[in-house]
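Participant: Sequence:
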Amino acid sequence: MSFWRSRTPRRIGLALAGGGVVGGMYEVGAMAALEERLNGAGRGFDLYVGCSAGSVVGCLLASGIRAAEIYRILDEDLDDPLNFRRNAVFSSDAFQRAVGRFGKMVWAFGKNAMSAWRTSIPDMLARAERDLPTGFFNLAALEGFVRGAFASRGLGDSFAALPRRLLIPAIDLDRAERVVFGRNGLSDVPISCAVAASSSIPGFFEPYVIDGRDYVDGGVGFAGHADLAAEEGMDTVLVINPLVPSLFSDTNATIRGRGLYSIMEQTSRIYSQNLLSLGMDVLSARYPRTEFFLLEPPRDCELLFGPCMGFEAARKALRFGYESTRAWLAGDGAPLLRRLGAAAVVA
Numbered sequence: 069m070s071f072w073r074s075r076t077p078r079r080i081g082l083a084l085a086g087g088g089v090v091g092g093m094y095e096v097g098a099m100a101a102l103e104e105r106l107n108g109a110g111r112g113f114d115l116y117v118g119c120s121a122g123s124v125v126g127c128l129l130a131s132g133i134r135a136a137e138i139y140r141i142l143d144e145d146l147d148d149p150l151n152f153r154r155n156a157v158f159s160s161d162a163f164q165r166a167v168g169r170f171g172k173m174v175w176a177f178g179k180n181a182m183s184a185w186r187t188s189i190p191d192m193l194a195r196a197e198r199d200l201p202t203g204f205f206n207l208a209a210l211e212g213f214v215r216g217a218f219a220s221r222g223l224g225d226s227f228a229a230l231p232r233r234l235l236i237p238a239i240d241l242d243r244a245e246r247v248v249f250g251r252n253g254l255s256d257v258p259i260s261c262a263v264a265a266s267s268s269i270p271g272f273f274e275p276y277v278i279d280g281r282d283y284v285d286g287g288v289g290f291a292g293h294a295d296l297a298a299e300e301g302m303d304t305v306l307v308i309n310p311l312v313p314s315l316f317s318d319t320n321a322t323i324r325g326r327g328l329y330s331i332m333e334q335t336s337r338i339y340s341q342n343l344l345s346l347g348m349d350v351l352s353a354r355y356p357r358t359e360f361f362l363l364e365p366p367r368d369c370e371l372l373f374g375p376c377m378g379f380e381a382a383r384k385a386l387r388f389g390y391e392s393t394r395a396w397l398a399g400d401g402a403p404l405l406r407r408l409g410a411a412a413v414v415a
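Its first residue numbered 69, the sequence shown is counted upward by one per residue in my numbering.
Hints were generated in silico from the structure; no laboratory data involved.
The reader is advised that the hints may include incorrect statements.
Said to hold, decoys possible - Capping the alpha-carbon separation at 25 Å, the derived lysine to aspartate or glutamate pairs in DMTMM-like fashion look like this:
{"#": "1", "residue 1": "384", "residue 2": "103"}
{"#": "2", "residue 1": "384", "residue 2": "400"}
{"#": "3", "residue 1": "384", "residue 2": "364"}
{"#": "4", "residue 1": "384", "residue 2": "333"}
{"#": "5", "residue 1": "384", "residue 2": "137"}
{"#": "6", "residue 1": "384", "residue 2": "144"}
Sequences and hints are given; from them, build the entire structure.
Facilitator: Below, the structure written as structure tokens:
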């Protein structure tokens with residue numbers, strides 16, 4: 069008995085990568101499946117790291133809200149502050165504002181169009197850059213959604229008020245470096261503002277301003293941020309990466325045939341996937357005592373390929389995350405269940 073009492077509990081971390089609306093829904097489904105398999109035997113994670121869409125999911129889980137509750141609200145489309153509907157990201161006047169910013173972009177191009185005849189189109193774009201919009205949408209609605217979600221459950225919008233430790237990475241645009249809200253002097257920033265900063269997809273959203281500094285998506289140049297969990301001394305880290313490059317085996321259905329947006333989406337996923345693969349290899353060597361588990365959807369799943377900020381496939385992504393994770397936990401993910409169960413026993 070004295071031997072068991074003296075054992076240090078295993079510390080387990082969760083790192084949720086970005087993935088837009090579709091990726092966030094997948095992550096909720098995955099976490100609901102994990103909760104179900106543990107059936108109350110687990111004690112949750114000691115550390116939550118959330119980037120971009122993962123920061124939305126991570127902050128709710130770190131506050132003590134069960135993934136099963138979030139899943140039910142989303143799946144049944146209940147009238148609840150936790151229901152992530154379109155107005156959670158886009159305000160009622162978002163379309164009008166976007167049209168205005170598109171008009172500003174066209175005006176900036178038109179004003180400098182004559183120079184393209186004398187130089188080149190790239191030079192013309194360089195002259196127009198100061199007149200271009202900084203993004204087509206802003207994240208005031210998302211900040212309000214997170215703040216309202218906490219208030220609806222009687223929770224404070226503060227890192228210090230959380231029962232579990234939460235870290236939210238973002239990129240300081242001017243300093244070109246990663247910052248981590250929740251530590252190193254950035255613990256006083258409201259969680260809702262940190263989530264908005266970490267979710268600011270460049271070009272799509274305006275950079276999010278906190279204390280006079282511009283922040284963009286935490287996934288820029290990084291993928292998963294599992295290193296933050298390893299640095300905090302976690303023995304086991306589960307990384308969930310919702311968006312992977314899609315493999316099209318049908319020669320009649322190519323990425324090119326789907327147009328510019330799909331080409332940009334695929335190349336972005338290839339970039340982030342390579343970052344993640346390299347990062348996981350480095351982490352395994354740098355932190356040999358930390359065990360890493362990676363959960364990703366299969367690459368032949370076209371369901372999760374498309375506009376990551378779209379809502380049309382959101383509920384399907386939610387259910388797919390749940391079903392596919394159940395299958396993963398019955399196979400490759402079984403050792404993770406054992407780690408989580410063992411941590412609960414030791415605790």
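Participant: Evaluate each hint against the coordinates.
Facilitator: Against the structure, the hints:
1. 384 x 103: holds, 19 Å
2. 384 x 400: Roughly 23 Å between the alpha carbons, so the hint for residue 384 and residue 400 holds.
3. 384 x 364: Satisfied, since the Cα-Cα distance of roughly 16 Å is no more than 25 Å.
4. 384 x 333: The given pair, whose Cα atoms are some 19 Å apart, holds under the 25 Å limit.
5. 384 x 137: Within the cut-off at roughly 17 Å; holds.
6. 384 x 144: The given pair, whose Cα atoms are some 12 Å apart, holds under the 25 Å limit.
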